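Enquirer: Protein sequence lines correspond, in order, to chains L and W.
Per my numbering, the first sequence starts with residue 35, numbered consecutively.
Per my numbering, the second sequence starts with residue 3, numbered consecutively.
Keep in mind that the hints were calculated from the coordinates and are not lab data.
Please read these numbers as outputs of a predicted model, since none were measured by experiment.
There could be a bad hint or two in this list.
Stated by the list, open to error - Which stretches of chain W does chain L cover? Using the computed rule of at least three CB atoms under 8 Å from a CB of chain L, they are:
no., segment
1, 34-40
2, 87-95
Said to hold, decoys possible - Only some residues are given here: those of chain W computed to face chain L with a beta carbon under 7 Å:
no., residue
3, Leu9
4, Ala11
5, Ser13
6, Glu148
7, Gly150
8, Phe151
9, Ser190
10, Met191
11, Trp193
As the list claims (entries may be wrong) - Capping the alpha-carbon separation at 25 Å, the derived lysine-lysine pairs in DSS-like fashion look like this:
no., chain 1, residue 1, chain 2, residue 2
12, L, Lys177, W, Lys171
13, L, Lys263, L, Lys181
14, L, Lys153, L, Lys60
15, L, Lys220, L, Lys79
16, L, Lys153, L, Lys55
17, L, Lys177, W, Lys119
18, L, Lys177, W, Lys131
19, L, Lys60, W, Lys131
20, L, Lys187, L, Lys177
21, W, Lys171, W, Lys131
22, W, Lys179, W, Lys119
23, W, Lys131, W, Lys20
24, W, Lys16, L, Lys55
25, W, Lys20, W, Lys119
26, W, Lys179, L, Lys55
27, L, Lys55, W, Lys20
28, L, Lys223, L, Lys246
29, W, Lys131, L, Lys181
30, L, Lys121, W, Lys20
31, W, Lys94, W, Lys134
32, W, Lys75, W, Lys104
33, W, Lys16, W, Lys119
34, W, Lys34, W, Lys109
35, L, Lys309, L, Lys55
36, W, Lys75, W, Lys16
37, W, Lys104, L, Lys391
38, W, Lys12, L, Lys263
39, L, Lys187, W, Lys104
40, L, Lys177, L, Lys309
Note that the Cβ used here is the ideal one computed from N, Cα and C, for glycine as well.
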Amino acid sequence: MAWAIGANDAANSMSTAVGAKAITPKQAVIIAGLLEFTGAYFFGKSVTETIRKGILDPTMITDPMVLVYGSVAALLAATIWLIIATKFGLPVSTTHSIIGGIAGYGIVYAGTAIVNWGKMGQVVLSWILSPIIGAIMAYLIFKAFTKSIFERKDPVRSARIWSPFWIGLAFVVIGTMFYIKVLHGKDLKTGVLMYGIPLGIIVFVVTYLLIKLRFPSSDPFIGVEAIFKKAQVVTSGYVALAHGANDVANAIGPVAAVYAVATMGLGGMQVPVPKWILAMGGLGIAVGVATYGYKVMETVGKKITELTNTRGFTIDFSAATVVLAASWLGLPISTTHTVVGAVIGIGLARGVKAINKDIVRDIIISWFVTVPVAGLISAAIFKLLMIVG
Amino acid sequence: MQVWTKLFAKSPFKPLIKHADVVLNTVETLEKALQAWYACDYEGMREFAIEVDRLEDVADRIKEEIRDSLSSKLMMAVAREDVLIYLHMQDKVADAAEDTAKWLLVKKPDCVPTEAKDIILEMGMESIKAAKLVHEAIVQMDRVIESGFTEGEIKREYEIIRQIESVEKEIDGLDTKLMQLVFENADSMSWGDGFYILNIARTLSNISDKAKDAAERIRLMMNK
């Protein structure tokens, strides 16, 4: 599962930077691999919910072995679905895959009543909300961006002033996100005041001074792109770190459940996760990036020429902002879906030269089938395990 | 994720610029042919005229490639039809240059009065101006898209379009002047010579006509 996350998702975190030629695929693999592992091992949750996100009613699972078989089935199902999706190049949510897997075995075991349908409804809502909000946000940020820089009388001068502002603002979001997603902080105000704003100010000052010292070009297009090229390496790196910290739970949550049953003989709603399991998850993700993710990023680096640095930055910025706002509002938002929405949003702002409509359609279909397909595969595996076991 | 490679389809704008490069090269080579023609250097002119023909073929091939890659499954910053029609017009500029080269080849230029030759050479130079401006216009269109359709870049594009229109007007004037000249000298000129001169003029003015049509299409791309 961790391997599949690395192959499917982690490559995604760096792809805007690779696509915009801010870094080479090789560099991306090294950075993503290291940061994903760091995120997973050092910042991965030490306590994880065994029945992720409260999808199943734990009181209805009386036999601990059900939890073991179910977790294995859910893990295998999510992995199989992720590998299939990766093969076809579809950016499906790893969280949704594992949720589908868990619901699948739950239904086979105790019927539909075991599933918390309210939670499932939220998941469905996130399919629709994430891309729409991502698209709106990217559209607005891209428009604000062009208005503040390219539409001014003296774009070079505007670029000198506004670029540090936009980069600083992005880092306010990133700093806050670091607190919430990586350090798993709960209070948004603390995140903004203690992490977001200080980081934003530091980045603003550093960027301002660097630009003052040496603006890359008299042409605003080339100059602005060069500035955002550097900023993008950092934003992508952050995405990889946060991704490792968060999504490792998708891979190791069910493993932790099995471990809890095996060592303590019981399965609760939440179980502590030993560091070595986190390390395994982190390593799995890093190996996934290095083996399959590498191939993906290499193709991205060679083929995408339509994604400029400012657009790549806009996508990262929008996705981070949306995910942050969603965490604050308690909405279940998928980062993967938000990123795809953001790409389309920039397209709608006439900022991307050509987007393949068929692929957009395939992606949307893949999102809708993720939960049911992972559920069906999981149900079949669970049934088999129960018979064999 | 492979999806990034597929989500972004190949945009036609860079290939359109590549096509414009070849078109400009075709017209520039035609100008060299015209200069040799002016100097009565038939052999030198012949070489350039053949080169014009070859370059026009290259432009055609690029045009086909762009057409093949532009499926209706794309969401683009501008309408697909406009891009296709624009490409057709841009290609017509090279076609017109090739037509002129063909006319130059049909006979030795020693019979043409100097006055007519002067006008034709001037038309040739103006045609290059038009082709250069078309090239500039498509490069600028790329920037309009890069900037997310900002006012300033659109304004710059309109300025180039206006210049193309003014060049076209200029060539039209020269064309009329040449027609008058031919008919004024009808008694001293053979029917064949007059026909030859007028057709060179017609194909030359076609270059700027098509350049103007291409510019019109760019205007439409920006308005939608």
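Enquirer: Going back to the hint list, which numbers does this structure go against?
Expert: 1, 2, 9, 10, 11, 12, 14, 16, 17, 18, 19, 25, 26, 28, 29, 30, 32, 33, 35, 37, 39, 40
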